[in-house]
Structures are given as structure tokens and as C-alpha cells.
Amino acid sequence: MLHDIALLAAVTLVGVLEQAFFALQVIASRRKYSVSPPKTTGPPEFERVFRAQINCFEYFPLFLAVLWLAGIFFHQGTASICGLLYLVARYYYFQGYSVSPKERLGPMYLSAGILWLLIGLSAIGILHELLLHYLDFKLM
Amino acid sequence: MLHDIALLAAVTLVGVLEQAFFALQVIASRRKYSVSPPKTTGPPEFERVFRAQINCFEYFPLFLAVLWLAGIFFHQGTASICGLLYLVARYYYFQGYSVSPKERLGPMYLSAGILWLLIGLSAIGILHELLLHYLDFKLM
Amino acid sequence: MLHDIALLAAVTLVGVLEQAFFALQVIASRRKYSVSPPKTTGPPEFERVFRAQINCFEYFPLFLAVLWLAGIFFHQGTASICGLLYLVARYYYFQGYSVSPKERLGPMYLSAGILWLLIGLSAIGILHELLLHYLDFKLM
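Chains as they are written, first to last, in the numbering used here: chain G, 1 to 140; chain Z, 1001 to 1140; chain R, 2001 to 2140.
Isolated chain G (complex conformation):
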């Protein structure tokens, strides 16, 4: 049923909007510091914003994968709350990185921690399903 994935879908959409926001920030930074494509190097202010966006984009597929695995195999509500927290952490990561590489560290560790939590929840849920189906063994 659709309502079994509607919260995951909503978090995914918020995530897409956040990535779009990051991409627009890079465009603004390109204009501000006159760094025309295809160039990707320039003043440190630009390079930090650029790297922040790249990093968030790189991790987005990993995030979506574990958000949906945890939401489908473990619990939709729990996964969705973790997902929202991850997106908040990424927002502060981006803002922090724009200021200095050091400022990104706190939110970076937070977002990594949430990813590991989603990985753990996914692992429990998938293991439970595999044991139940192939060995008829109930984990929980």
C-alpha cells in the first residue's frame, strides 16, 4: 500500500529539495567569485561551497538506499525521523563548510552517525526477513 512508503517518499522529496538548494548555492557562489564552468577551482570561499555540495550529492544515493531499506524492512516512522535528522545535519554541514573546513566537522560526524544507524536498522530488518523466509527462524 502507498501509505507504507508515503513518509519515506516525503523525506526523499525534502532531500531532493535540499540538494537543489545546495546546487543553487554553488551557482550563486560561482557568480560571486567569477568562477565560470567548466572551472571548479577558485578562491577558497568558492572551493569550500563547491566541495560541500559535491560531498552532499555523493552521499545522497547511499542515504536514499539505507533510508528506504530501513523504512521497508525495519520501521517506516523510525527511518523517516532518522532521515529528517540526516537532512538537518547535512544543512548544518553545508553551512559550516561554507565558513571553514573545521566548522563542517560536527555536523559531518552527526550525519555519519545517522547513516550508520540507518545501516544497522536495515541490517536487522533484512536479516530478520531472510532468516524468516529461508530458515523459518523468527529473529524478533
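Keep in mind that the hints were calculated from the coordinates and are not lab data. Just so we're clear, the structure is a prediction, and the values are computed from it rather than from any experiment. Yeah, the Cβ is synthetic: ideal placement off N, Cα and C, and Gly gets one too. One thing to keep in mind: the hints can contain errors.
Taking beta-carbon pairs under 10 Å as the criterion, some of the chain Z residues facing chain R (in silico) [unchecked claim]:
no., residue
1, I1005
2, A1010
3, A1020
4, P1037
5, Q1053
6, S1100
7, P1107
8, L1131
9, L1132
In silico EDC-like pairs for lysine to aspartate or glutamate, Cα to Cα no more than 20 Å straight-line [as the list claims (entries may be wrong)]:
no., chain 1, residue 1, chain 2, residue 2
10, Z, K1039, R, E2058
11, G, K39, Z, D1136
12, Z, K1039, Z, E1018
13, R, K2039, R, E2018
14, R, K2039, G, D136
15, Z, K1039, R, E2045
16, G, K138, R, E2045
17, Z, K1138, G, E103
Position chains Z and R against the provided structure of chain G, taking the given hints into account.
Only chains Z and R this time, still in chain G's reference frame:
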């Protein structure tokens, strides 16, 4: 049922083939301009093709996310047509960028517009499902 | 049913863990060769590890897309085995690239071959479903 997602699956597969095509173009460009990995800088002709591919790859997860959200929560046929148009726009973006950064702008705006359309359709569909399920309120 | 996608989910999770491992290797390499973010250039040893990770991350969404398409529209077990082989090939790709660009070539061709196989299986499965549903024609 599988036929509820078969068109989305077909568009996704066409998208994967397009990304593979872009990746092969970069390999050809590396050979033509003698830019051996791990180097990513070289003559502007190479750097434009390289950046075009990176940009298409970066946006591919966002595109897939909203294609499937719009297709599942709004309407499969509408989302699939938007998806095909996006892939066509990306083809012209890649070809344009290979010629000059300016030539990429038209298809870039078109592909961004289609992404925003898919985001809008997803938002309507997901909101409709959430309101229906949690508040028993019919949006449409 | 969940067990129809549990193997795909398990392979996806292994893939996420592999990407996390690659990311940690880059962090270790940044420390070893003193390449602080947002810098992405440095000694060739660092640049090879960095490029290896980027390449694996770039292809991860394409891999997930065809893993799931092949698993849902063709056959879950076959797709999952291909998926595991792909992840093994990517591990040797990463290790090889860390040593020299040449050492990455064998696993690179292997992983590309597996991707094409998954693309082929997806195409057969999706075509079968589309013909069956829209033309009432049985391909297999």
C-alpha cells in the same frame, strides 16, 4: 503489479544507457586529448566533456528519485513522458557543453524545469496520500 | 512480498558498506599524505585513491538501478549474484587503482561487463512485461 512500474523501469533503463554513453564519450575524449587517469584536467575541450558527464551523473539520483515518486504517487504515464523529455534535454546539454559552456545553457534550463515539474507532481501525489491516510481528507 | 526483494536489499546493503569502506580509505589517505579538505589534489598516491572512490561512487546509482530492475523484472537470485560479483570487482578495482592506474583495468572491465549483463537482463524483463501488458504478447 509490475505493469504499474514497467514504464518507469523502461525510462530508468534508457537513463542508465544514456549515462553509459556519456561515460564512453569521456573515455574517448581522454584518448583524443591524452588525459590519462587519475588526471582530470587538460585542454578545455576535454574539461567540458568531463564536466558535462560529472554534472549528468550528479543529477541522475535526484532525477530517478522524483521520476519514481511522481510515477508512483501521481501518474506513471505523465512521469514517464517527463522522464523521457529530461533524458532528451540531458543529451542536448551534453552535446552543447562539448561545444561551449554557453551552448549548454538552453538544455540545462529545460532539464531543470522538468525536474521541478517532477518535484511538483511528486509533492501533490505524496501530499494527497498523506492527507488521505492520516487525516482522511481527499485532496483530489 | 518482502522476500521477493530481500536478497536485492541485502546486496544493496553490502554495496553501501563497501562505499563506506572506500570513503574511509580516502580519509586515511588524506591524513597520510596531508591533503586537507577542500583540497582534492596532492601526491599521485592520494589522487589515485581519491579518483578510485569518486568513480565507485559515481557508478553506484547506475549499479543500484540495474540491480533492482533486473531483480524485479527478470530474476532476483540471478541479479543478486551478479550484484555481489560487481561489488567484488569494484573492491579489486579500488585496490588495483591504489597501486597504479594500470592495475585498475582488469577489474574495471569485469565490473563494466557485469553492469552490461544486468542492463541486458533488465531489458529482457521489462520488454517481456510491456509486451505482455500492452500487447498481450508472451515473450518467454
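Measuring from the C-beta of P1107/Z to each C-beta in chain R, is the shortest one below 10 Å?
-> violated (21 Å)
Measure nothing beyond the straight line between the CA atoms of K1039/Z and E1018/Z; if it is 20 Å or shorter, mark the hint as holding.
-> Distance of about 24 Å is beyond 20 Å: violated.
Going straight from one Cα to the other, do K2039/R and E2018/R come out at no more than 20 Å?
-> violated (24 Å)
Straight-line Cα separation of K1039/Z and E2045/R no greater than 20 Å?
-> Judged against 20 Å, a Cα distance of about 12 Å means the pair holds.
Cut-off 10 Å, beta-carbon criterion: hint that L1132/Z touches chain R | violated (24 Å)
Between K1138/Z and E103/G, is the straight-line Cα distance small enough, at 20 Å or below?
-> violated (45 Å)
Regarding the pair K2039/R and D136/G, is the alpha-carbon distance no greater than 20 Å?
-> Judged against 20 Å, a Cα distance of about 52 Å means the pair is violated.
K138/G paired with E2045/R [C-alpha distance capped at 20 Å] | Violated. K138/G to E2045/R sits at ~48 Å, over the 20 Å cutoff.
Holds or violated: is there a CB of chain R closer than 10 Å to the CB of I1005/Z?
-> This hint holds: I1005/Z lies near chain R, its Cβ roughly 8 Å from the closest one there, short of 10 Å.
Answer holds if the nearest beta-carbon of chain R is closer than 10 Å to that of S1100/Z; otherwise answer violated.
-> Violated, about 24 Å.
Is it true that the CA of K1039/Z sits at most 20 Å from the CA of E2058/R?
-> Judged against 20 Å, a Cα distance of about 16 Å means the pair holds.
Would you check whether A1020/Z satisfies its interface hint, that is, whether its CB is within less than 10 Å of any CB in chain R?
-> holds (8 Å)
The structure does not agree with the numbered hints 6, 7, 8, 9, 11, 12, 13, 14, 16, 17 stated previously, though it agrees with the rest.
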